[in-house]
Amino acid sequence: MSLLIKNGLVIDPSTGKDSVSDILIEKGLIKKVSEKIPEKGIKTIIDAGGCIVSPGFVDMHVHLREPGQENKETIETGMLAAAKGGFTSIACMPNTIPVNDNRSVTEYIISRSHEVGTVNVFPVAAISVGLDGVDITEMADLKEGGAKGFSDDGKCVMSADLIRKALEYTKMLNVPIIEHPEDHSISGEGQVNEGFISYKYGLRGMLSAAEEVIVARDIILQERINSLLHLTHISTAGSIDLIRNAKKKGIRVTSDVTPHHLLLTEELITSYNPVYKMKPPLRTEHDRQALIKALNDGTVDAIASDHAPHTFDEKDSEFEYAPFGVIGLETSFNVVYDRLVRKGILSVSKMIELFSTNPARIMGLDQRGVIEPGAHGDLTIFDPEKTFKIDNEKFVSKANNCPFHGWKGKGSVVYTITGGEIAYKA
Amino acid sequence: MGDYIFNQNHLLGIDHLSDKDIDTILETAESFVEISTRDVKKVPALKGKTVVNLFFENSTRTRSSFEIAAKRLSADLINFNSSVSSLKKGESLRDTVLTLEAMNPNIIVIRHSASGSPHYLTTFARSSIVNAGDGFHEHPTQALLDALTMKQVFKTIRGLKVAIVGDILHSRVARSNIILHRKMGNEVSIIGPPSLVPREFEKMGAKVHHNIEEGVKNSDVVMMLRVQSERGAGNYFPSIREYRKHFAINKKVFAMAKKSAIIMHPGPINRDVEIDNTLADSDKSFILQQVTNGIAVRMAVLYLLKGDFNEPIN
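Residue numbers (the numbering used here), protein chains in the order written: chain A, 1 to 426; chain B, 1 to 314.
Hint data in this document are derived by calculation from the structure and do not stem from the laboratory.
Treat the hints with caution; some may be incorrect.
Stretch-level coverage of chain B by chain A, calculated; a stretch enters the list once three of its residues show a Cβ under 8 Å from a Cβ in chain A [unchecked claim]:
| hint | segment |
| --- | --- |
| 1 | 99-110 |
| 2 | 117-127 |
| 3 | 136-144 |
| 4 | 166-178 |
| 5 | 198-210 |
All residues carry an ideal CB built from backbone N, CA and C; glycine is no exception.
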């Protein structure tokens, strides 16, 4: 089995490569990267002329809903959506039914993903049993079963003692603790960002401080413990300041932001359309600008979608009763490329760091997020000039709760290649 | 009035109305006030039209007020009451409304504890939607009946100073009143503890006070809001006892307002909690006149949305 990708502009921030090259993949691994590779005897050839060849994108925050909520999404449809969006690897959060807090669920997700086989699925297991925030899970066993990280995502670990123990215990496992920073005692029944808009429109608010006090708490604990701490879907300027200062002090902490927090603000909720309802909530323009700045100065390490599928009926309701969450796998690259890269706010190389290099490193995905001989044959090929129009009706995901419906722009994935196989072709 | 016409399809909130719309509703309501004093309290303005009262929150007074308003305009009215909890378990709001609409109503009056529910209905319903209170968001007919009461007392609805006291954070009445009076160019003070009156409300054009005497100073209208005792449980304030001491209206505080000032309250009142018993029953209190005006205002709203303008009202 061999695959040759010719004439593409190969950009790999981890090696500093940024030139037109051919890439040969054999038996799932990258065999050779050089200017001209002869075509003779090669089974599949892709001409990537005019396109950019990136190490495969990694979305480190996805909800696949299976097992338990297959009406929202399945492992299969989530993987198809990932492939279509250019993602060769995704990390799926443990808030399934049953919760991924034991090895059998982790192993089920992995074996099911192997049956589907389009992209790599790396389960994130729960920090606490049942996501109850009381007892830590059998983390070493879960890691042996294939868990690549731990998170109680959807819920924050409210006990400072529990997060301390989880950080300490995972030091020997070398896998990240992924925190959903939200002090539930502050955010309570909140629906949207708390401030003038929530007050005027009569919706219960979630203060920025609900996120920031947990970011601060975890950084303070991590300073002493020095484990692997990742703060996910950061949404406020205050959190960014805290993370920036922590990094400056040499505290080991990483973070990601979502495309919707980078591109949308709270004014959208004045329509009461639940497609704009998610946690953390859309914030202010001030916060949005702080997130964008943090992409470039290294405060934020990754862009992750927090792909959260819900059924049409669940989202078609009174704002207050609709579940939190939006989907993003199929749109993350389009909107970030068009609105940030093409506008000159983010370089292509920086974008690839945020979509591939860094999330692969944070999740400990060995030989992924890099284009060099011996690495996995995971590549994303995109055409920077190819137009897109986001259409809710055309997702391969089961869900259509996407806040970018109707957006048009340039920058489309044309091939997603996983382990040397074509997982998606436009 | 020039080329002005009232061309709203729905009454979702005061926010969607122009000051001219507000003037028109008040003027129309003034012409309806007299009808309720007649021996035969009925005109044929909405004859053959159907109004649905779709109430997901307990509300005897607002529901009755809409019912009487519709009936005095000769509309047919049905009440559909449901608790939110049963709605959450069973049929969706969309299915409930589509079922009702299959019976071809003309106007749906909705009260719902979730803010924005009336707006949501307009995304798929064919009827005119009237917001009878949505969550903490708006209660437009309350603000309009309050305005009608003020207009009757002061002969104008402009150039006034209105003080609103109480739980602004959780009050749709306060929001609709703030928006209405700012649209009419009136001064608005909002008064209560910082936990219930966040500073951000100043962006709506209201002045925030945490001292009631300062807040009501030189006011034409002092509007008291009902204190929800359960808010105490949320630690918005420590106790009714402490709240009363700082934010109840009594004769001493009311003396800070203008000599001609009046007291209003959307009801139901908590006697001797937010309002001193003797003040509530004094000639300064317009609480019952507000209730009476509620019918005229709701008649005006229903009429302007669906009335046959070629027929004389009387």
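Against the structure, the hints come out as follows:
Coverage of a stretch by a chain is defined here by at least three residues with a beta carbon nearer than 8 Å to that chain's beta carbons; for the segment 99-110 of chain B and chain A the count is 0, and the condition is violated. With 3 residues bearing a CB less than 8 Å from a CB of chain A, the segment 117-127 of chain B meets the requirement of three and the coverage assertion stands. Residue count for the segment 136-144 of chain B with a Cβ under 8 Å from a Cβ of chain A: 3. That meets the three needed, and the coverage hint holds. Coverage of the segment 166-178 of chain B by chain A holds in this model, with 3 residues showing a Cβ closer than 8 Å to a Cβ of that chain against a need of three.
With 5 residues bearing a CB less than 8 Å from a CB of chain A, the segment 198-210 of chain B meets the requirement of three and the coverage assertion stands.
Going through the hint list in order, the structure does not satisfy hint 1, though it satisfies all others.
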